[in-house]
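S.K.: Take these sequences, add in the hints, and give me the full structure.
Under the numbering used here, the first residue of the sequence shown carries the number -14, and numbering increases by one thereafter.
Because the hints were derived from the structure by calculation, they are not lab data.
There may be inaccurate statements among the hints.
List of simulated lysine-lysine pairs, BS3-like, C-alpha gap at most 30 Å [unchecked claim]: (1) Lys203 with Lys230; (2) Lys325 with Lys129; (3) Lys(-7) with Lys57; (4) Lys626 with Lys616; (5) Lys405 with Lys395; (6) Lys72 with Lys245; (7) Lys346 with Lys281; (8) Lys362 with Lys405; (9) Lys654 with Lys622; (10) Lys616 with Lys496; (11) Lys10 with Lys62; (12) Lys299 with Lys129; (13) Lys217 with Lys245; (14) Lys397 with Lys57; (15) Lys346 with Lys362; (16) Lys203 with Lys248; (17) Lys230 with Lys72; (18) Lys203 with Lys299; (19) Lys546 with Lys332; (20) Lys645 with Lys(-7); (21) Lys62 with Lys72; (22) Lys448 with Lys507; (23) Lys318 with Lys242; (24) Lys280 with Lys(-7); (25) Lys616 with Lys654; (26) Lys(-7) with Lys362; (27) Lys280 with Lys217; (28) Lys245 with Lys129; (29) Lys395 with Lys433; (30) Lys493 with Lys(-7); (31) Lys496 with Lys215; (32) Lys10 with Lys280; (33) Lys72 with Lys(-7); (34) Lys318 with Lys448; (35) Lys395 with Lys222; (36) Lys362 with Lys245; (37) Lys217 with Lys453; (38) Lys332 with Lys242; (39) Lys622 with Lys64.
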Amino acid sequence: MRLVVAEKPSVAQSIATVLGANSRKDGYLEGTDVLVSWCVGHLVELSPADVYDERYGKWRFEDLPILPEPWKYQVPKDKQKQFKILKSLMGETRVTEIVCATDAGREGELIFRLVYRQAGCQKPVRRLWISSMEDQAISEGFRKLRPSQEYDLLYQSALCRAQADWLIGINATRLFSVLYRQTLNVGRVMSPTLSMIVDRWSAIQDFRSEPFYTVVLKLPGFEAASEKLKIKAEAEKLLIECQGKSAAVTEVRTQEKAEKPPKLYDLTTLQREANRLLGYTAQQTLDYAQSLYEKKLITYPRTDSRYLTADMAKSTADVIQSALFLLPENVAKGYSTDLKQLLDDSKVSDHHAIIPTHALKENILESLPKGEQELLKLLAIRLITAAGEVHRYLETTVALDCSGQRYTAKGKTILQSGWKSVEEDYRSTLATRKSEKKTEVPLPRLEKDQRFDSVSVRLDEGKTTPPKPFTEDTLLSAMENAGLEDLPEDAERKGLGTPATRAGILEKLIKTELVERRGDKKLKTLQPTHMGVALATILPEQIKSPQMTAEWEEKLKRIEKGQLSPEIFMAEISQHLKDLVRTYRAVSEAPGELALNPESIGLCPRCGDQVLEGERRFFCQNKTCTFALWKENRFFKDKKKVLTREVAAALLQEGSILMKNLYSPKTQKTYDARIIMEDTGGKYVNFRLEFSPGETKDKHKTSTKSKERMEKS
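M.R.: Quick look at the structure:
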């Protein structure tokens, strides 16, 4: 009997239906000669640090780096029942073969292998490797089961990734949390991603806009513009020189151009487009795509390929025909396709590009939740456009002379709409999206030496604009290219993370409050929080460098290809952490604190250095100075007040602050008084109350000279 292990119950059900395993049991399905069960995601995970040694339960610098040998694994409490079911099934004498049917990728391979290993199973394993959940694809996959050994390198790469993430996450998080006395989340991919967001934010903050000026000739049927000028007086001089004068055409250049259809989607480009056009987050897109895959409506989503294999030509043509119902009749009629541009076996590794399946029908589309419906439509439109004919047009560039100054204009005349007819029709249905490009209109017929008399002229003023903040679209592109810009389309990319993991990394940055989404409902930008800026500022280059992390990602790919030993990679990670801890050993003896806000609130009364805001206190940035104002202290707490940023700033500047409605525990009444700060020069600061003339002690039951020591909360 064969045991098939899927990744999720829904996938197990689809496989069981095809294999005839229709008898439902507790945690599995049974057929005549097959059992089908599932993992529910990661059933087995790397054990936490304190499992190796109880002392790791506390975070201490002297315990770093933590380098487990050998590695230990555990089953989370909420998943122990399903693990026991799988372990029992694997151990049954009637089971002679196991089929790994988890998702066909690195993570799916790891999920199964860890369960198989933890269960102590040694029975032969074969691999189901499919790119679609359609019944036909499942049946075909079971006819072509592959030996599990073919995926040993994939498993080793996945295990190295998990162990490297554990090592860097555990050690770097503890290191910087101990140094800066608060929990700081640091990750192998998360920290470089945060660094890119902070760098972009800093560039925007530092940007200084400058004006520029353009002189525009207003001519019959078109306009021509001068080059951009930085000095207004020069532009005004041109304006005066050309006003009412004649202009002559000095050059007419016409060139036929072609714009190729876009490529099919891989996961990253799908997430980018869905964010830009539909406003979906990367995680939403991944969730919708996974659901559509499990509903047999699209092919496997976690792919990095944008091509199909040659043997898919016939089936893809059928899918395109079935998807034409999405187009208006005038667009669909006579729309020509060329499938050859979609096919390239050399550019498909584990999985081909994401496309709809044969199940795509109009009635199916209408039955889906809106998010899935819109994503499926986006995928179908991309398949149609990617197979379309090229977009051909004439681009005309004209140069004119007016009073010795060159002016230029461009125009575009469409010869063949091709794939753009579908694209433009689809974009027109997205009413909430603004036009992304200024439409170029045709120029009138012009000839060299043609003259225009008494031209009208105007002066346009503009300003240089700062870099745009990241959206999820542009951040995913930056992650794919490790922060490098303007890479050629076919250049080798060493990115941060993988298509399948980038959405989760971004969500973790949001969840840990290092980054936040801002802006309108449809298209939000990604901005670092004060904590995110502060963390990126103190992290060393070897932790936050996108290029270094991308190099590690490339080495994981080399492990997968058998070009690098897992032992060498893990030794490099371990040495990296040893060097990192050694670098900060001296710093650990004089720990600092992370500023929530990089702006100073005032000057330290002891040493004159800047005072910054931390999570629990306001502190002097001079590490040799012990001055601090604790946010929650007994003096203010007894009076039902909090030492806020504003109060602390006033105390530093004036030495005192008038506060109203202070609470008296003795009389249970409120009163107004001036709080005066008196620095002792020691660990704590003293405060006293001072009342204005006319106020009596009896009324307030408080001595005007009493001192109360500020105590650490």
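S.K.: Compare the structure with each hint and give your call.
M.R.: Here is how each hint holds up against the structure:
1. Lys203 with Lys230: 12 Å, holds
2. Lys325 with Lys129: 26 Å, holds
3. Lys(-7) with Lys57: Holds - the C-alpha atoms of Lys57 and Lys(-7) are around 25 Å apart, at most 30 Å.
4. Lys626 with Lys616: This hinted pair holds, its Cα atoms lying about 10 Å apart.
5. Lys405 with Lys395: Satisfied, since the Cα-Cα distance of roughly 20 Å is no more than 30 Å.
6. Lys72 with Lys245: Violated, at roughly 53 Å.
7. Lys346 with Lys281: Within the cut-off at roughly 12 Å; holds.
8. Lys362 with Lys405: 16 Å, holds
9. Lys654 with Lys622: Satisfied, since the Cα-Cα distance of roughly 15 Å is no more than 30 Å.
10. Lys616 with Lys496: 25 Å, holds
11. Lys10 with Lys62: 22 Å, holds
12. Lys299 with Lys129: 21 Å, holds
13. Lys217 with Lys245: Given that 30 Å is the threshold and the Cα spacing comes to 41 Å, the pair is violated.
14. Lys397 with Lys57: 65 Å, violated
15. Lys346 with Lys362: 11 Å, holds
16. Lys203 with Lys248: Roughly 40 Å between the alpha carbons, so the hint for Lys203 and Lys248 is violated.
17. Lys230 with Lys72: 90 Å, violated
18. Lys203 with Lys299: Violated, at roughly 54 Å.
19. Lys546 with Lys332: It holds: about 15 Å lies between the C-alpha atoms, which stays within 30 Å.
20. Lys645 with Lys(-7): Outside the cut-off at roughly 60 Å; violated.
21. Lys62 with Lys72: Holds, because 15 Å separates the two Cα atoms, which is no more than 30 Å.
22. Lys448 with Lys507: Given pair Lys448, Lys507 holds - Cα atoms ~26 Å apart, limit 30 Å.
23. Lys318 with Lys242: Status holds; Cα separation ~25 Å.
24. Lys280 with Lys(-7): It holds: about 13 Å lies between the C-alpha atoms, which stays within 30 Å.
25. Lys616 with Lys654: 23 Å, holds
26. Lys(-7) with Lys362: 26 Å, holds
27. Lys280 with Lys217: 62 Å, violated
28. Lys245 with Lys129: Not OK: Lys245 and Lys129 at ~36 Å, beyond 30 Å, violated.
29. Lys395 with Lys433: Within the cut-off at roughly 15 Å; holds.
30. Lys493 with Lys(-7): 23 Å, holds
31. Lys496 with Lys215: 44 Å, violated
32. Lys10 with Lys280: With a Cα-Cα distance of about 23 Å, the restraint between Lys10 and Lys280 holds, given a limit of 30 Å.
33. Lys72 with Lys(-7): With a Cα-Cα distance of about 16 Å, the restraint between Lys72 and Lys(-7) holds, given a limit of 30 Å.
34. Lys318 with Lys448: 46 Å, violated
35. Lys395 with Lys222: 25 Å, holds
36. Lys362 with Lys245: 21 Å, holds
37. Lys217 with Lys453: 26 Å, holds
38. Lys332 with Lys242: At roughly 27 Å apart (the allowed maximum being 30 Å), Lys242 and Lys332 satisfy the hint.
39. Lys622 with Lys64: 45 Å, violated
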